[in-house]
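Protein chains in written order, with my numbering: chain A, 1 to 303; chain B, 1 to 150.
Hints are computed from structural coordinates only; laboratory data are not their basis. A quick note: this is a predicted structure, and the numbers were derived from the prediction, not measured. Treat the hints loosely; a few may be bogus.
Per the computed footprint, the stretches of chain B lying under chain A, defined by three or more beta-carbons under 8 Å from a beta-carbon of chain A, are [stated by the list, open to error]:
1) 25–39
2) 78–90
3) 134–142
Below, simulated BS3-like cross-link-like pairs (lysine-lysine); rule was C-alpha separation at most 27 Å, straight line [what the hints assert, rightly or not]:
4) A/K54 <-> B/K67
5) B/K67 <-> B/K140
6) B/K140 <-> B/K52
7) B/K141 <-> B/K67
8) A/K54 <-> B/K141
Quick reminder that beta carbons are idealized off the backbone N, C-alpha and C, glycines included.
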Amino acid sequence: MATSDSIQRARPLLGTIVEIVAGGAAASKLDEPVDAAFDAIAQVHRLMSFHDSKSDVSRLNREAFDRDVAVHAWTYRVLSTALEIHRYSGGLFDITVAPLLQRHGLLPGDPDESFSPAGPSSAAGCIELLDGHRIHYRNRHVRIDLGGIAKGFAVDQALAILRERGVTRGVINAGGDLAAFGPQPERVYVRNPANFDRRFCEVAIANAALASSGRSFDLVRGTDRAGCAIIDPNGRSPVRAVAGATVRAPSCMIADALTKVVMIAGEQSIALLRQYRADALFVLESGDVRITPDWQAAVRFAA
Amino acid sequence: MTEWIRWTAPAAVVISVSAPAYAVQYLSVEEAQALAFPSAHFSEIQAGHVWKASTGGIFVIDHVIGKHLYIDFAVALEGGHVRRVDILAYRESYGGEIRSPSWLAQFVGKTGASPLKVGDDIRNISGATLSSLHVTDGVKKILAQYGNLR
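If we strip away everything but chain A, and leave its shape as in the complex, we get (with noise of 0.2 Å):
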C-alpha cells in the first residue's frame, strides 16, 4: 500500500499493466520520476513491438536483409544480449522464432515458411551487430521478436531511472517480471506455473529481478491462451516437460530471457544460471520442483 512517503502507480504498457511502487522521499516529489519511469517503458515498447510497424523490429524485419539499418541504441543493447545468451544457451534462447511462433497462432501475420532456426547457428549467424548501432541481416527470410527479453530491459530502464531521480526504494512490476530496490527484501507470490489460480511460492528478493514464464498463458500477448508461447528451436514445437519457470537475476534483462532456457532445458540450463549468476526454481509436469540450491533459503512454499 501506498504511504505518505512511497506512491503506488500503474499503466497499461507492453501489452500488460506495469505498476511502479516508489519510496523513500515525500510522496509530492515521487510523481515525476515515476511518470518519467514509466516514459522509458513506454519508450521501449514503440521501439520493440513486434505488432507496430514503426518499431525498430519492424523495420528491422522489413528491411535489414536490403540495407543495414540503425537503431536505437536500446534496441542494439537488447539484440546484443539476446545474441550473447543465444550462444551462451547452445542456442536454446533464440530471437529468430518468430515464423514458428506465427506457425503456431502465437505471433499474429503468416509466416515464410522457407525459413526455420537452424539451432545454434542460426540467430548468431544470421543477424550481424554493426558500429553506429546499424544491424544487417544475412539471411532474407529472418525475423525477430524480442518478446522473450525486451519486458525485462524495460523493466531495468525504468528502475535505473527511479534511482537517477533520487528514489531509494522501488519496485517495478511489469505482469509478473519484476525487479526491486531498496533497504528491505520485497516479497514476491509466484503463482503455480500448472494452476494460476493458485499461490506456489513466496520469494524474498533484494536488489534484483524476477521472472516468471509458464505453460498456460501467452508470454507474447499476454492472454490467456492452451498452448505455450514459448518454442523449443531445436524440436521447433511448444515446451512440454516443464509447467512453468521463475528465474531471479542481478538483472531483469536476464531473468526474462532465462526463464525461457530453464522451460526447455531444464536441469540442464544450471551452467548458464551460474554464468549469469542467476538462480531458478521449476516445476515439472508431475508437479515435481527443482530449486537451485543457493536459493532455497529465499523461498518459501505454500503449504
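Please build the complex by placing chain B on the supplied structure of chain A, with the hints as guidance.
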C-alpha cells in the same frame, strides 16, 4: 544432475492454497485529474464519467473487465490525442469468492479516501501475465467517442 534440490510432488499441497484476492486502489479520480492536467479546474460533462479541464483537454474515466473483475482507468485527451492513461483501481479474485455477494460488496463505493484492505500484504505477484488488452480497447473506444470534444 545433483546440483538441483528436488522437491517431490507436493502437488496436493501446491494446489491447495488459493491465490489471494488482490485489489489495489492506485489513484482517486481527483488525484488522476491533478496528475493529467496539473492546476486545471474540471467541469463535469457527463456525471462521474467525463470532465473538461479548464486548461484545455478532456478527462474520462471508465472501467473494463480484467480477468474477472473491473479495472478502473482514466484517460486524458488533448487535441484529439491520448495524453495519458492511468489505472485507478485493479481487482482480481479467483474461485468461489467472486460469486459471493459479500465479497463483491466490499468494492462498492470505495474511493481513494477509503482504500481497500483486501490482500493488503500481497503487493507483488509473479507468474501470470495480466492482460491489458481490454484496457487498450477501452482507451481506443474513449478516443473514438470523445476525441473530437474540445
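A quick look at each hint next to the structure:
{"no.": "1", "hint": "25–39", "result": "holds (count 3)"}
{"no.": "2", "hint": "78–90", "result": "holds (count 4)"}
{"no.": "3", "hint": "134–142", "result": "holds (count 3)"}
{"no.": "4", "hint": "A/K54 <-> B/K67", "result": "violated (30 Å)"}
{"no.": "5", "hint": "B/K67 <-> B/K140", "result": "holds (19 Å)"}
{"no.": "6", "hint": "B/K140 <-> B/K52", "result": "holds (19 Å)"}
{"no.": "7", "hint": "B/K141 <-> B/K67", "result": "holds (19 Å)"}
{"no.": "8", "hint": "A/K54 <-> B/K141", "result": "holds (22 Å)"}
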